[in-house]
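Trainee: Respectively, the protein sequence lines represent chains A and B. Using the numbering used here, you'd call the opening residue of the first sequence number 15 and step up by one each time. Using the numbering used here, you'd call the opening residue of the second sequence number 25 and step up by one each time.
By construction, these hints were calculated from the structure, which means they are not laboratory data. A portion of the hints provided could be inaccurate.
Pair by pair, the computed Cβ-Cβ distance ranges are [unchecked claim]:
1) A/GLU30 - B/LEU103: 49 to 57 Å
2) B/VAL74 - A/ARG81: 26 to 34 Å
3) B/GLU126 - A/PRO128: 19 to 27 Å
4) A/GLN95 - B/VAL74: 26 to 34 Å
5) A/GLU56 - B/GLY64: 13 to 21 Å
What the simulated footprint calls covered on chain B by chain A, stretch by stretch (three residues with Cβ under 8 Å from a Cβ of chain A suffice, anywhere in the stretch; the number is not a length) [what the hints assert, rightly or not]:
6) 94-106
7) 125-132
A virtual CB, placed ideally from N, CA and C, is assigned to each residue, including glycine.
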Amino acid sequence: GDSVTQMEGPVTLSEEAFLTINCTYTATGYPSLFWYVQYPGEGLQLLLKATKADDKGSNKGFEATYRKETTSFHLEKGSVQVSDSAVYFCALSDQDTGFQKLVFGTGTRLLVSP
Amino acid sequence: NAGVTQTPKFQVLKTGQSMTLQCAQDMNHEYMSWYRQDPGMGLRLIHYSVGAGITDQGEVPNGYNVSRSTTEDFPLRLLSAAPSQTSVYFCASSYSTSGDKETQYFGPGTRLLVL
Chain A
15 GDSVTQMEGP VTLSEEAFLT INCTYTATGY PSLFWYVQYP GEGLQLLLKA
65 TKADDKGSNK GFEATYRKET TSFHLEKGSV QVSDSAVYFC ALSDQDTGFQ
115 KLVFGTGTRL LVSP
Chain B
25 NAGVTQTPKF QVLKTGQSMT LQCAQDMNHE YMSWYRQDPG MGLRLIHYSV
75 GAGITDQGEV PNGYNVSRST TEDFPLRLLS AAPSQTSVYF CASSYSTSGD
125 KETQYFGPGT RLLVL
């Protein structure tokens with residue numbers, strides 16, 4: 015079945031450091047790929063997405079490129095802030111129609127210190 | 025809009041007790057779903073619904089029931105709670121005719137402890 019693998023955390027960075035969170039996937043079809051973020055005490059919210067190979071999703075300074083050849087969707091940000099401290103989930107969905115069942119990775123906690 | 029709301033925020037149950045977790049959305053979304061979040065396992069789909077009167081099982085449906093009598097509400101019922109159901113539960117909704125099908129909107133979660 016489909017699966018998503020994320021790097022284990024926590025990832026601890028100083029403010030203004032460069033961030034990479036690795037994500038690779040296994041899927042039978044051509045899935046859509048997502049990054050969701052969960053701030054402390056809150057539900058998940060969509061950060062960015064990409065629906066086909068070579069697409070780049072971006073939002074709030076975060077970017078991720080859909081790489082079909084390496085089955086990857088790594089999350090990057092050039093300069094993190096303390097407010098970026100959260101848990102980041104990589105996910106995929108491979109339904110063409112109807113309800114989009116999301117398959118999540120285990121999440122990566124990011125801690126940014128001043 | 026309030027988005028997706030969930031009640032209660034926190035609940036403690038004894039083994040064998042029953043309870044209903046409430047979920048409501050005001051975005052006129054067709055699809056609603058329930059996930060549980062456990063340490064080291066990400067989120068797993070319990071049940072989902074593609075419209076009023078239509079529900080289906082997800083990855084981990086055992087021990088849970090759902091129904092969808094209105095577009096807005098999608099309650100999750102635990103018939104006889106077990107310690108293995110200790111988790112954080114998230115409700116999500118998606119898809120209106122004017123929006124995309126893929127983006128899911130999550131509620132703030134219900135933390136459940138079963139003793």
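Trainee: Just to be sure I understand the hint, the distance between the Cβ atoms of B/GLU126 and A/PRO128 should be within 19 to 27 Å; is that true here?
Mentor: 36 Å, violated
Trainee: Hint says 26 to 34 Å; check whether the CB-CB distance for B/VAL74 and A/ARG81 agrees.
Mentor: The hint (26 to 34 Å, Cβ to Cβ) holds, given that B/VAL74 and A/ARG81 are roughly 31 Å apart.
Trainee: Given the hint of 49 to 57 Å, is the C-beta distance from A/GLU30 to B/LEU103 inside that range or not?
Mentor: At 51 Å between Cβs, range holds.
Trainee: Would you check chain A against the segment 125-132 of chain B, counting CB to CB pairs closer than 8 Å, and say if three or more residues qualify?
Mentor: With 8 residues closer than 8 Å to chain A, the segment 125-132 of chain B meets the three-residue bar; holds.
Trainee: Within 26 to 34 Å or not, the Cβ separation of A/GLN95 and B/VAL74?
Mentor: 39 Å, violated
Trainee: Closer than 8 Å Cβ to Cβ for three or more residues is the test here. Does the segment 94-106 of chain B pass it with chain A?
Mentor: violated (count 0)
Trainee: I want to verify a distance hint. Is the separation of the beta carbons of A/GLU56 and B/GLY64 within 13 to 21 Å?
Mentor: Holds, since A/GLU56 and B/GLY64 (Cβ atoms, about 20 Å apart) stay within the stated range.
This entry does not satisfy hints 3, 4, 6, going by the numbered hints stated previously.
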